[in-house]
Amino acid sequence: MTTNDERELEIVNLDELKIKRRESPGHPWKIARRLEKEQAAKFLSIEDIYNRIKKMNNIRDKCLLVMLYITAGRISEIVRRDVVKFRKKEVRLVNKGKVKRAKIIDYSTKERKRIEPSIKRRDLSLQTKDDKKTVVIRMRNLKNKRKGEQVKLIPLPLNSEINKKFFAIIKQYVQILDEDEELFPIGIRRAENIILKAGFNPHFLRSVRLTHLVKYHNFSDQKLKAFSGWSDSRPAAHYIRIGWEDLVSSM
1179 MTTNDERELE
1189 IVNLDELKIK
1199 RRESPGHPWK
1209 IARRLEKEQA
1219 AKFLSIEDIY
1229 NRIKKMNNIR
1239 DKCLLVMLYI
1249 TAGRISEIVR
1259 RDVVKFRKKE
1269 VRLVNKGKVK
1279 RAKIIDYSTK
1289 ERKRIEPSIK
1299 RRDLSLQTKD
1309 DKKTVVIRMR
1319 NLKNKRKGEQ
1329 VKLIPLPLNS
1339 EINKKFFAII
1349 KQYVQILDED
1359 EELFPIGIRR
1369 AENIILKAGF
1379 NPHFLRSVRL
1389 THLVKYHNFS
1399 DQKLKAFSGW
1409 SDSRPAAHYI
1419 RIGWEDLVSS
1429 M
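With the working numbering, you'll find the sequence shown wraps up at 1429, consecutive numbering, no jumps.
Simulated from the structure, these hints should not be mistaken for lab results. Cβ atoms here follow ideal geometry from the backbone N, Cα and C, with glycine treated the same way. Careful: at least some of the hints might be erroneous.
Claimed, not checked - Just the calculated beta-carbon pair ranges, DEER-fashion:
{"#": "1", "residue 1": "1354", "residue 2": "1283", "range": "20 to 26 Å"}
{"#": "2", "residue 1": "1398", "residue 2": "1356", "range": "38 to 44 Å"}
{"#": "3", "residue 1": "1363", "residue 2": "1303", "range": "16 to 22 Å"}
{"#": "4", "residue 1": "1238", "residue 2": "1308", "range": "45 to 51 Å"}
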């Protein structure tokens, strides 16, 4: 029996929302899903990634993709991040024909708390370790909430030709910026569109970079944990794509 209180609750039909999403082939997430399926079937080498990025015309967009790849960073860790909060509301939720009371985010109550800037030029420094010139990138870490670990430092040793090529793109862009200027004063949605236009799924560059670190540099779980900023190494299983060919070389 339905009570008066339940009848007054707004009805949210998830089934209808899913149908609308399926009917929108040009939606950014629809494009991202298609690219994800295409890229899951093939493995791109470091050179493949570089050659795709090199073909782009805008130097800022090139630098954005290079930074996403070499840091294995999330978009929200590199570009501007709009920190907002929402209130929740109670509704009658229809999902696969079943109705239940639930609390969902009320997006009409959006309140901006602050805007966190993107990586700045001063967050990049050139250092030397073990006689290797290394670019060190300071960036925020959104996946580790431990005190003192909200920032991570990502190294790019300039000991290989491909790393030097990636750094050349970064250098070409940042040399026109002031020391305290943001590299990417754009929001997450704009960054996603740039990545999709280049033919990448937004999360693909992160996945392939972590795979490359294992495949070409023999990174252990602990090294992946340190590089990625995870609080533990379990997430590695969701990102690393190791095939049988890689297993043979270790046997």
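Now for the hints, and whether the structure bears them out:
no. : hint                      : verdict
1   : 1354 <-> 1283: 20 to 26 Å : 40 Å, violated
2   : 1398 <-> 1356: 38 to 44 Å : 39 Å, holds
3   : 1363 <-> 1303: 16 to 22 Å : 21 Å, holds
4   : 1238 <-> 1308: 45 to 51 Å : 32 Å, violated
Checked against the numbered hints above, the structure breaks hints 1 and 4 and satisfies the rest.
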